[in-house]
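Novice: The whole structure should be built from the sequences, with the hints applied where relevant.
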Amino acid sequence: MEGMEAAAGLERRRTGRARRLLTEQLRNIAPFATLLFLVAFFGFASPSFLSLGNLQNVLQQISVTGIMAVGLTFVILCAEIDLSVAAIANVAGVVIAFFTLQDSSVNIQNLPLPGGLAILLGFAATVALGEINAVATTVIGIPSFITTLAMLQIGAGICAVLVRGQIAYAVPPLIMTLGSGSIGPVPWIAVMAGLVMLVAHLVLTYTRFGRYVYMVGGNREAAEYSGVNVKRIVRAVMVISAVCAGFSGMLGVAHFGSAQQNEFDNYLLDSISAVVVGGTSLFGGSGGIGNTILGLLVLGVLNNGLDHVAIDSFMKILIRGLILLAALIINVYAQRLHGREPSGA
Amino acid sequence: MPESLLELRGVSKNFGGVAALHEVDFDLKASEIHGLVGENGAGKSTLMRIIAGVHTAYEGHMLLAGRPVSFRSARDAREAGIGMVHQELSVVPTLTVAENVFLGSQPLTRLGTIDWARMQSEAARHLASLGIDADPAALLGSLPLGLQQLIELARVLFSGARIIILDEPTSALSPPEIERLFSLLRRLCAAGRSIIFISHFLDDILAISDSVTVFRNGRHVATEAVGRIDKAWLIENMIGRDHDDLAQSYVKPIMLASQPDAPVLLEARELGHAGSFRNVSLEVRAGEVLGIYGFLGSGQLELARSLFGKMRAERGTVRIGGRRVRLGTTSRARRAGLAFVPESRRSMLFAHEPVYKNVSISILQHIARVLLRPAAERAIAEARIKELDIRPPRCTLPLGALSGGNQQKVALAKWLTRKPKVLILSEPTRGMDVGAKEDVVRIVRRLRDEGIGIVVVSTEPETVLSLADRILVMKKGVIAREFASEAVGKNELLAAA
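Residue numbers (this note's numbering), protein chains in the order written: chain A, 1172 to 1516; chain B, 4 to 500.
Source of the hints: derived by calculation from the structure; they are not laboratory data. Since the model is a prediction, treat every value here as computed from it, not as a measurement. Check the hints yourself; a few may be wrong.
To be verified - Subject to a maximum C-alpha distance of 30 Å in a straight line, what follows is the list of computed DSSO-like cross-link-like pairs (lysine-lysine):
no. : chain 1 : residue 1 : chain 2 : residue 2
1   : A       : Lys1402   : B       : Lys424
2   : B       : Lys478    : B       : Lys493
3   : B       : Lys234    : B       : Lys493
4   : B       : Lys234    : A       : Lys1402
5   : B       : Lys478    : B       : Lys424
6   : A       : Lys1402   : B       : Lys478
7   : B       : Lys479    : B       : Lys493
Specialist: Written out as structure tokens, the structure reads:
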């Protein structure tokens, strides 16, 4: 019995290791290969694609999505979802504009405050909305999919009430610089996105909280039976997601130069796509910021590159949809391979 | 000697180079109940999956009524008249009894809609002919587990199965339910059906089977008519060596060594949870193993979960070390000094994470304030691996690469770095082979001797008898009897439950 078990263990280990390498890496290889392919393709197809100026463009274009996607990465790693990120981003952008002195031509009854206070209120709003998501999900027990769907509507409603169909242009100077300024050739917004990603990566990889996020996503029941306060972790990731979304919204408003309703509607799909295309498991527990960056680059290069090769803009939407579908298929397939690993009978 | 209905000749099956079955022969005669026994990993399940068309790639031949067959799918096997009732039932609790009986083959009206009236009446007739007393219109989930199992059996029969494989059918049943199942099986058998009965419960095997086949290490060891063998013979053939304390049947009473003077670590008063248990008061003393025994559904598993805060007890109080605690969450229970290993490994472990992360998760709070210390985690895991003799002894291996028994040890290892005051073990030896069971017994005894209070909750009398110093028997949600400082055996336990 022992002998056989040992032999079985050895064998399992050997085949397990080879297969594990493949399955683990499938998540990472697929988006990386896609990225290389896209870069090579657009590089050949368009001379203007591989230029420094265009690299700047790509970085700027993915920065707003990137910050939002970082928060979502936490949520998806926990096997939850946040559909309200774009709406919360919009709220944060509108709130800081609301508390900033606008040009007299802007017909919004706003409340000018010092810039720092406006930013603080913007963050306070995101934390509050994130907390509502968190409490509804963990305490009341509404699935996050539904909770945040409601929050999507609430966020849109808050924006509508604050700007009333108008467009505000001014935001606090600090946000203006971070959103649209640059240091040398590097746009500030890309630096900010990089910083947020770095911090998030360190938190996920090197802190106890990060470990809990992965463990809760990997097997929630086991985490609970190990005495982990699962609800607190889920609550934290919902708030982190809202705060990241809020930050991206503030910078986004400065970047686009305006704050208005429905400004970020496209960003919900983009940020979820980035996380999933990058290879973070939709079922939680595996993936990370590295994957999200890969996904962002794939989507960024794709969006930007399609502009360079003069494709019908309607076609562009279809192509993005197909890429997302392919990524989802790989994601689920990778999960299935992963799940089929020997579990010791 | 009657003709064999089902013959397997020289069947071998490998999983990744490991032989699960080695040149196995197996014969099932018409109208017989054939018991199949063997330790875990002996190859019983693999053989049954081959017969039921789940495993399609194997060496050797299968003959059904003398004709060679080779199933390409479970559906093929079903159509050939082979049906299987799994230990984990595949019934749908939210559908009615009739719908479950007809699952997948509902009678249709001429318009193609479901003919509810016919379904209802045919289900009623079918159940009555089997002597199963259940209202076809009742929701299946509202019925006791034993009855649900009979409904699943009815469905398999209804689909036309001539050969029925039953996997551990009695593990969740009370004695009267077992009796009802057995009388049904005997009638089926008399009506010409053949039954393969797989079980760990040797008494049940001996009570119902006409003949018994023993498997060991993927090989066919022996087949005998039941009249010529006894339990000792079965155990001898299953284990292949002189059976030890654990394998003893506990028919003879053992003396409980209760410790009435040790300080009380855990005290529960009047705990209750609607539908699971009520009015439960108990004490766990330092250095004692309190066994809680009852049939499945008697409330003891829920009681254990409530003590650890996984379920919230609706009534009652809990004191730990004399201090009143409110248990609502597992993290609070852990901080109060409780530890829990649930009955299912999957709900305790992270299969894709390395062993060391599995071990450290429950003490991460103490070894990592903010930043993780992987080196410290690995050192702790190494120590536990050594302490519990976990194999292979590599803490970076993904947990899923370990065998079941070793995974169980990892589940236990989680709680041994910072010793809890009270350790609650739910079904600690379920599904283990004899060697692994011995390891668990040794570990539990050692922890007890270190002064930890231990609660062992189980539906298997052998488990409780092999570990406990004092035994509570639960029956339908209440504590029916306490055994302390007295002689007790399986008969006494069963009689009290």
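Novice: Of all the hints numbered above, which does this structure not satisfy? Sort the numbers upward.
Specialist: Numbers 4 and 6, in rising order.
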